[in-house]
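A.B. asks: Sequence:
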Amino acid sequence: MTSCKNKPIETLCLCRVSSDKQAKNETITSQKQACLNYAKHNGFMIDKFFDEDGVSGWGTSRPGLDAMVEYIEQEQ
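With this note's numbering, the residue at position 16 of the sequence shown is 13, and numbering never jumps.
Hint data in this document are derived by calculation from the structure and do not stem from the laboratory. Quantities reported herein were computed from a predicted structural model and do not represent experimental measurements. Hints are supplied without guarantee of correctness; some may be wrong.
[Unchecked claim] Here are the computed lysine-lysine pairs in the DSS-like style, where the Cα-Cα straight-line distance is at most 25 Å: (1) Lys37 / Lys4; (2) Lys29 / Lys45; (3) Lys4 / Lys45.
Let the sequences and hints guide you as you build the complete structure.
C.D. replies: Structural data, given as structure tokens:
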């Protein structure tokens, strides 16, 4: 019988910037690196990244979030 204690927890990561100015400053890349660092130090494994470049968090159109939800539904 194998133990699940050492197996990393699979996770997803959604990175978003709401403006072109933020996108030019490579904040998506910075967010991905922060997620990877957090995952490494806390026993997680990021299975997939989803990005939203220039998308407001207030709007109803969230293509990255929608893609992540669809991915989760397909994996179940």
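A.B. asks: Holds or violated: Lys37 and Lys4, Cα atoms, limit 25 Å.
C.D. replies: Distance of about 12 Å is within 25 Å: holds.
A.B. asks: Does Lys45 sit within 25 Å of Lys29, going by the straight-line distance between their CA atoms?
C.D. replies: Judged against 25 Å, a Cα distance of about 11 Å means the pair holds.
A.B. asks: Is Lys4 within 25 Å of Lys45, Cα to Cα?
C.D. replies: Satisfied, since the Cα-Cα distance of roughly 17 Å is no more than 25 Å.
Violation of the numbered hints given earlier is absent; every hint is satisfied by the structure.
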